[in-house]
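> Residue numbers (my numbering), protein chains in the order written: chain A, 486 to 890; chain B, 486 to 890; chain C, 486 to 890.
Check each hint, because a few of them may be wrong.
If chains are identical, the list can't say which one is meant, so a pair holds when it fits in one copy or spans any two.
To be verified - List of simulated lysine-lysine pairs, DSSO-like, C-alpha gap at most 30 Å:
id, residue 1, residue 2
1, K818, K758
2, K787, K758
3, K558, K541
4, K661, K704
5, K722, K787
None of these hints come from the bench; they were simulated from the model.
Each chain is listed here by its residues.
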Amino acid sequence: AMTKTAGCCQGCLHYVFDYETPKTLVIPSIRVGFVFRFTQFLVVLYVVGYVCVVQKAYQETDSVLSTVTTKVKGFAFTNTSDADPRFWDVADYVVPPQGGDSFFVLTNMVVTPQQTQSRCPELPNPSTSCVDDCDCIEGYSDPRGNGILTGLCENYSTTVKTCEVISWCPLEIDTKLPEHALLAAAENFTVLIKNSITYPKFNVHRRNILPHINSSYLKRCEFNRTTDPDCPIFRLKHIVSEAGEEFQDMAVKGGILGIIIDWSCDLDWWARKCNPQYSFRRLDNKNPANNVAPGFNFRFAKYYKTPDGEETRTLIKAYGIRFDVVVHGTAGKFGIVPTVVNLGAALTFLKNKHKITHLNEVADTETVSDKLNVFTRDYQGLIFSIFPFSSRLFFCQTADKIHSF
Amino acid sequence: AMTKTAGCCQGCLHYVFDYETPKTLVIPSIRVGFVFRFTQFLVVLYVVGYVCVVQKAYQETDSVLSTVTTKVKGFAFTNTSDADPRFWDVADYVVPPQGGDSFFVLTNMVVTPQQTQSRCPELPNPSTSCVDDCDCIEGYSDPRGNGILTGLCENYSTTVKTCEVISWCPLEIDTKLPEHALLAAAENFTVLIKNSITYPKFNVHRRNILPHINSSYLKRCEFNRTTDPDCPIFRLKHIVSEAGEEFQDMAVKGGILGIIIDWSCDLDWWARKCNPQYSFRRLDNKNPANNVAPGFNFRFAKYYKTPDGEETRTLIKAYGIRFDVVVHGTAGKFGIVPTVVNLGAALTFLKNKHKITHLNEVADTETVSDKLNVFTRDYQGLIFSIFPFSSRLFFCQTADKIHSF
Amino acid sequence: AMTKTAGCCQGCLHYVFDYETPKTLVIPSIRVGFVFRFTQFLVVLYVVGYVCVVQKAYQETDSVLSTVTTKVKGFAFTNTSDADPRFWDVADYVVPPQGGDSFFVLTNMVVTPQQTQSRCPELPNPSTSCVDDCDCIEGYSDPRGNGILTGLCENYSTTVKTCEVISWCPLEIDTKLPEHALLAAAENFTVLIKNSITYPKFNVHRRNILPHINSSYLKRCEFNRTTDPDCPIFRLKHIVSEAGEEFQDMAVKGGILGIIIDWSCDLDWWARKCNPQYSFRRLDNKNPANNVAPGFNFRFAKYYKTPDGEETRTLIKAYGIRFDVVVHGTAGKFGIVPTVVNLGAALTFLKNKHKITHLNEVADTETVSDKLNVFTRDYQGLIFSIFPFSSRLFFCQTADKIHSF
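Just chain A, with the same shape it has in the complex (with noise of 0.2 Å):
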């Protein structure tokens, strides 16, 4: 016994130590040696043009996390003739007032003022009209109407009657929308954009207004892709007219406009790169086959009380252009992990030649039978790693007639 574990333990060293190798043989062909090369080139091309260059694999990724603060300069003044001359500032167009990374300027709308709880007659359409009280039935509230209805028939006009309705009056009539935008000059409107993103696993720090900049530069620079590419501050025209729209044409029904900021970054010290990319892009559909609710509005009141205590509110149905600030971007880190695993993985396929069996033997012969077989052998190599058998049958009328050697 004692000398059989001795015998393991060397044979054990034996097998830790032991340099182990295949034996192998050369085909000095140039034409078969050529095509193998060849082969090997490819992969070799992959790796290095695509994989590296191209692709970058060889990084790990971090997605950004971003904070966006927005403010708005500007005013405007509107005198129109169904309308009191006003003067609009930010406070005044702006919604909401907080300049978070989406916010709405105020471009047109239907304003009704006045409204109390009350009652008066539903705008005439076909489903409102009636000739008497048995038309309307007390309480019955129509999904497309502006209220409840009292069960009353009342006089909407000298030739029109329709359904009396509980609701806020008087009704908001909004047919009559403006069609030149109200606060046309809010193209001329400028907004600050402040934005700092991190990207937590590689611990970095950015904002878009970059270090070369200086507060003079910022009291009066704007944004010009050619011009002043760094320039945070931007024109709301410029903005819409790079998105490839008329501002004038996207205030009278409104519309969404993102402002994409693009932090794509490339860490690497042998690439230091990561400055914001501005782009701008419609976000809603413009004109599209399916019409509803084209544009973009929504409604919202400012509420009064009268002296003797009674509520009122001004309703407004307000049309304007939503700027969405969207951030987004991929940092890019050489990673020794995803580097092994794509150089690894592409080597594998370097590695396609062992795969001629007992052919050797003849191989160093030069008829073309033999060539012939090489290559075929060389090529099975790729394809045959990936089906093994299907390939082997294919090649089995070579194979057996070379095994019958």
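We have chain A; now place chains B and C onto it with these hints.
Leaving out everything else, chains B and C in the frame of chain A:
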């Protein structure tokens, strides 16, 4: 020297274009071959079946950028004993008004009208009740209280005396919350959700209003999983019930409801599909053990001025359902890098047979021990590559025996 | 032919079930074996130590979906010379009121009450001061100004004359910002943050109110990294100081503060942990060189109507701290695909010994040159697979010599 370099160059050429291949040996044993093929088969099965079909690991992916607009429709009429009859429309019950991806629908409330900056006795509770002024420290403010103590002890009612506070008076008594939702009718409100998404990497743009939908359909349709799965108009009651909740229950104390739109896309030409999938889930905890501030509510105020310029406000503690539209999704498209990586990596396991060493000489004998050996060696092949040392030692017994041939 | 096909099929069977293995040769040299084992050891070390333990590359990941509600508590009393004493509660100082994932706490302000649509002289500065009406172009509006010029030159004070403008008058004079925050008491306000998250791929749902927390604890607790790390109630002052800022400084000009909740989870059964980690960071730039609009502020207005129906407003330039709750995180769970990919890829490097060619015949001799060769060959093995040609040429000297055996 001349000849030397010439020799070298020749040698180099030799090396560059010689074709190498390991000498191999065939063991014509069905059993052994089968074992080997079977392991190969498993790998292939894994690659084709799982990696490609199930995991789609050959795709590169991108995550979604999205914008959402929502528009709620509907009105209600409340006529309760403790408040005047009132008509409610969108401008009254939706907060905030600008239809973003998160909107709150008011369903229940505690209204405290006519609040002014003044003094009034605290609401009675152990910490606020007092006998005389000595019990009320002037200027002290109890975090759980409603104002700053004036130092006086006043009659809250004929029976109870409490410390007087400076605050918005009268104080809100939020214990008398209606146990039936005030705006029960909210369950029939509908919301139109417009959602545009982008996969920047693949430059793919989509809307949740699909091309085949026309506006006449949009005017009358309502989302229903079976009959109208593509209609972007949702009845609030339907949303809540799909989330497994009862609207009227939820309406009393409020809650948060997620409208989840899944935009997972397979953009490969052989499987073009990229449609939104709607699902609904309650996002807050229904009735947690640790029930602090259950449901969802917040306070806001409407500010008025009396004719004599004094500021008054109506404080509203708003209970209701906040609907969060959560858009997520991943697009996949065939990419050469992930394909090669996954395939290549899997292939390494195809190679795990190159592990038989100097047993070859005996491998074509058909003894039992031998078959065992071959099998163990095959097995060894797989785990060996992971733990070279251990497995070696494990097999050293056998190996040693054989080695001593 | 008959026999031929039979022969073929036999050949096929042969090919399908024969077991192939390369003839190998053992070099019983401890030194050489050691070199080879050492390289193997490094690979294994990398796979086990780094890929598995550090990088957890065997996991597939998913990123978090989250919803947040916030509820601020606290009140303040301001009693300054230039304004009436006033009591502030949540409805007064939190904007917007509906507790979402971003809320603003008012700490300082410039109030301009009783503004009406009218005319008043501009604030004096070089561009607005005038001598007579000729200096004021009617209808012109200076972007840096406050309104549209009427063309008149009026007395701003007894000493200064400035152009008159149409605007909301009186104009806001935002230079007289209190240098001590008006709502200094805001530092003692508390905020309850409720955060529910989901990892859709793994169908995992979590809340930041952990199961072991009971409501009595929640009523009195306050977040503290050491004593109460799981309490979701935060004192504003504590948040700010953890972010390395001084509340009272920040309160004067305002700023943006990130409450970052990290939900990184390891969902494998052997390492179940999925708890929120809170951290706090100032997101805007404290005192940048390019100091345009430092801090954080915005303007909003409360609109009133005078008894005679004229609209007046109180303009508030609100300075304060915006708290953004930023939720991020990645969940990892064992996945077969990433495991195989990473393992497989790493294994390719284990194979890099199959590189010795026709030196085998001499390999068991123990000459110095030989050992060198073996070593170089091993080394060659690794780099060769990456740059086949170059290394070959590099080694051709040696090789050539040997080749000429």
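> If a hint holds in the structure, say so; if it doesn't, say that too.
Status of the hints after comparison with the structure:
{"no.": "1", "hint": "K818 with K758", "result": "both (11 Å within a copy, 28 Å between copies)"}
{"no.": "2", "hint": "K787 with K758", "result": "neither (49 Å within a copy, 46 Å between copies)"}
{"no.": "3", "hint": "K558 with K541", "result": "neither (42 Å within a copy, 50 Å between copies)"}
{"no.": "4", "hint": "K661 with K704", "result": "between (40 Å within a copy, 21 Å between copies)"}
{"no.": "5", "hint": "K722 with K787", "result": "both (29 Å within a copy, 29 Å between copies)"}
Hints 2, 3 from the earlier list are contradicted by this structure; the remaining hints agree with it.
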